[in-house]
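*Asks:* Same order as they appear, the protein sequences are chains W and R.
With the first letter of the first sequence counted as 1, position 191 gets the number 191 in the UniProt record's numbering; the numbers rise by one all the way through.
With the first letter of the second sequence counted as 1, position 16 gets the number 16 in the UniProt record's numbering; the numbers rise by one all the way through.
Fair warning: there could be bad hints in the mix.
[To be verified] A short list of chain R residues far from chain W (calculated; beta carbon distances all over 12 Å):
hint	residue
1	P6
2	H85
3	Y86
4	R103
5	D148
6	L155
7	S156
8	L214
9	L228
[Unchecked claim] Covered by chain R, according to a simulated footprint, are these stretches of chain W (three or more residues, beta-carbon under 8 Å):
hint	region
10	125-133
11	220-227
12	245-257
13	266-272
Hints are computed from structural coordinates only; laboratory data are not their basis.
Every residue, glycine too, gets a C-beta built ideally from N, C-alpha and C.
This is what each chain is made of:
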Amino acid sequence: MMLQHGSTQLLCLTASSGVPLFTRGASKQLPFSVIGSLNGVHMFGGGQGVVLSSCETEGGGKVVWRVFQDSVMLIIVSGGGQDGAGDIKEEEVRLQRLLENVWSCMVLVLGQDELTNVRNVERLKRDLRSCFSLIDQLLEDRQQGVLGNLTHCVDSLLPPNPTLLQEALDSFAQAADSEFGCLIVHGRIAAATEKWWRLAPQEVVLLSALIRSLTASGSASCDYPVFLPHGSPTVAHRLLRFQLLPGADVCVLCGPTPSLHSAESGMVGRFWTPLVETLRDCLAVGEHSLPKSVSLHPDVLALLLINRETRRSVSCVRTSTNRPLGDPPLPSKARCWEILKLFYIFSTTRYFNQEETLCVSPEERAQRGNTEDFICGFSHQPLQCYLVTEECKSYGLQTPQHQLFVLAPLSVPTFALRGVATQTLSDIVAGTGF
Amino acid sequence: MAQVLPSSGSIIVADWHRCKDSKEYFNKILHKKRRKNFGLLESPVMPPHVAVDTVHYKIFLSGKSGVGKTALAARLAGSNIPNMHYETTGIETTVVHWPVKLRENGRVFFFRLQLWDCGENALRRFDHLLPACKEQVDAVLFLFSFTDRTSFDDLSNQIAKWTGAPVGRVVKLVVGTKFDLFMHCDVAERDVTNFQETWSVPVLRVGGEVSDGLGDVAPLLNCLAEHLWHQDCVTAGSTRHHSQQETATVL
Ligand SMILES: Nc1nc2c(ncn2[C@@H]2O[C@H](COP(=O)(O)OP(=O)(O)OP(=O)(O)O)[C@@H](O)[C@H]2O)c(=O)[nH]1
Ligand SMILES: [Mg+2]
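With the hints as extra help, turn the sequences into a complete structure.
*Replies:* Here is the structure:
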């Protein structure tokens, strides 16, 4: 057992020589000798023509290695499932995702060139510090209601008045000489330009994470240089962000013009002042992500709905479902978010397709085979699955267009779950066109 | 030529936030005893019979990485001060609304101070950021940390960069951060006094827990407002009485 249960530590080294670049996470750092051995054993494998990708420890801990662009090695060490829930398989998926996200966020901030053509290690070490804010945010992953880091489907909010917002956003982006714009409300995308949705899903998710962290500081506007890990890994764009109202931010990706000052003084008021009330209505949707007009089945405790085509998701945990006296207690809100994540991993690793297979090299994918073991044994694709635990009941279903994951209280009879889920899906789709 | 500075409290009412007649104005920037966060589409609104003009200013925060620029912006805006140092990897602006009463005629203004904070390492890595910060800037706050001698020693270099023709008129103030960490203090009071006399630039001190919200930030914000207002008057005067001033210079 290397680390405390529930804690995660990230190590970053140069791939060629194993020089440590940084470590993040876990209050108690691993000793240098352990870091050296972890790197050594991977190198040894490499010498034998073997790619060491992960291993488990006796105490339920897990280590995952990954080399990016032959230049940077990331190693993640976890002291076991968070909150003791989820088995080793769920944990591996979580860690793989984390590593990809960490690498992408290093590219987002520093650009690929600086990471792959290392001329001066000391300088790289210093520059990497500018990624710590995002990396720590990914490691902590505390933000309730944000599942995109895991699903790589963008957390969205469905506003009551989408057309007005869409039009304002399109004209605003156009005025700012940009094809890429989005409106973020409560940390979720409420509207985005056509082109924004065509960014790689992982980019959209990371940009959302960056915007959320900028929003949290309460600043009024930003001009941040960003590289796009897939679309533009070597040339920086400018992410301009404006806080329209507390909780509602508009962003555009720009080239050299317009300046932050001119965009703010010349465009923000002109395009958005007429929409203040619409924005307030949108803020009122709150963390439910769904407009009030959609009434959810009373037995739904929490849900995650993914649109497989647009790669967007909506999710919510309901605060008060009235529980008849004598029923077992419902899991807390925070716990519901946690279970939702675990059930998503459970279903997608065992039964459903994960939307985009983890971006790994083909050789590695062959060894990994998360979904494969089960699915390969069958000629058909499962459409629904359920899981009953001590805390609640979970039901998942997929159609060509959607994947839905719902949690229900233990008091709901298991045979009724399918009905609850199918009705929920049709209610939301009919009410919002999602 | 040393710049002629207004003496503190000569133009605006110092400690106005403590006076009774300021209450209705300061209430507009508070919400549940905390400072209110305004979006760009909002601003403090007074009832129609109390007409208050708003004056806009752009202020750049200058100083090396870790000196406390982001923390200062948060402090002045009354938002949560980060306790970890995470580098700012671009420009972040923070808007502070601050009511001010002029001594001369009792007129009240809302000062809308937009603080421009750009991480020092980002400035170095990307060439376009500094020009963006300089565009139409009205004031620069030069930050040094009481716990870092080199940041203090570098002040004169920093100020020199902002003096002279291309920049135009800019209010300059110095802010010493981490004044609360006196155990690690690396800059003596005497050095600060000397500096202030040599450069005739006011030096303000910040640090420590934020207590009641307004009292902590009032001295700095009032000082800044006073200098900005003074600069505007001088600029307005010099354009109006341009010939007059030229004679004065010749003499
Ligand atoms: N005790 C104390 N700590 C402070 C004070 N001001 C800043 N700090 C701490 O100093 C560290 C760095 O502050 P930042 O405001 O992030 O530094 P910065 O100037 O924005 O740095 P860059 O963005 O990298 O250029 C943080 O951990 C702050 O909490 C202060 O007045 N007192
Ligand atoms: Mg900063």
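*Asks:* Now tell me, hint by hint, if it's right for this structure.
*Replies:* Taking the hints in turn, this is what the structure says about them:
1. The Cβ of P6 of chain R lies farther than 12 Å from every Cβ of chain W, with a closest approach of about 27 Å, so its non-interface assignment holds.
2. With a cut of 12 Å on Cβ distances, H85 of chain R falls inside the contact zone with chain W, its closest approach being about 9 Å.
3. Not every beta carbon of chain W lies more than 12 Å from that of Y86 of chain R, the smallest distance being close to 4 Å; the non-interface claim is violated.
4. Every CB of chain W is more than 12 Å from the CB of R103 of chain R (nearest about 30 Å), matching its label as outside the interface.
5. Every CB of chain W lies more than 12 Å from the CB of D148 of chain R, the least distance being 17 Å, so the non-interface label holds.
6. At roughly 23 Å, the least C-beta separation between L155 of chain R and chain W is larger than 12 Å, which holds for a residue marked as non-interface.
7. With a closest Cβ-Cβ approach of about 26 Å to chain W, S156 of chain R is found to remain outside the 12 Å limit, as its non-interface label requires.
8. Annotated as non-interface, L214 of chain R keeps its C-beta farther than 12 Å from every C-beta of chain W; the closest such distance is 17 Å.
9. At roughly 17 Å from the closest C-beta of chain W, the C-beta of L228 of chain R stays outside 12 Å, upholding its exclusion from the interface.
10. Coverage of the region 125-133 of chain W by chain R holds. Counting CB-CB distances below 8 Å, 6 residues qualify, and the rule asks for three or more.
11. Given as covered by chain R, the region 220-227 of chain W passes the check, having 6 residues with a CB less than 8 Å from a CB of that chain where 3 are the minimum.
12. Coverage of the region 245-257 of chain W by chain R holds. Counting CB-CB distances below 8 Å, 4 residues qualify, and the rule asks for three or more.
13. Residues of the region 266-272 of chain W lying with their CB closer than 8 Å to a CB of chain R number 3, which satisfies the three-residue condition for coverage.
The structure is inconsistent with the numbered hints 2, 3, although it conforms to all the rest.
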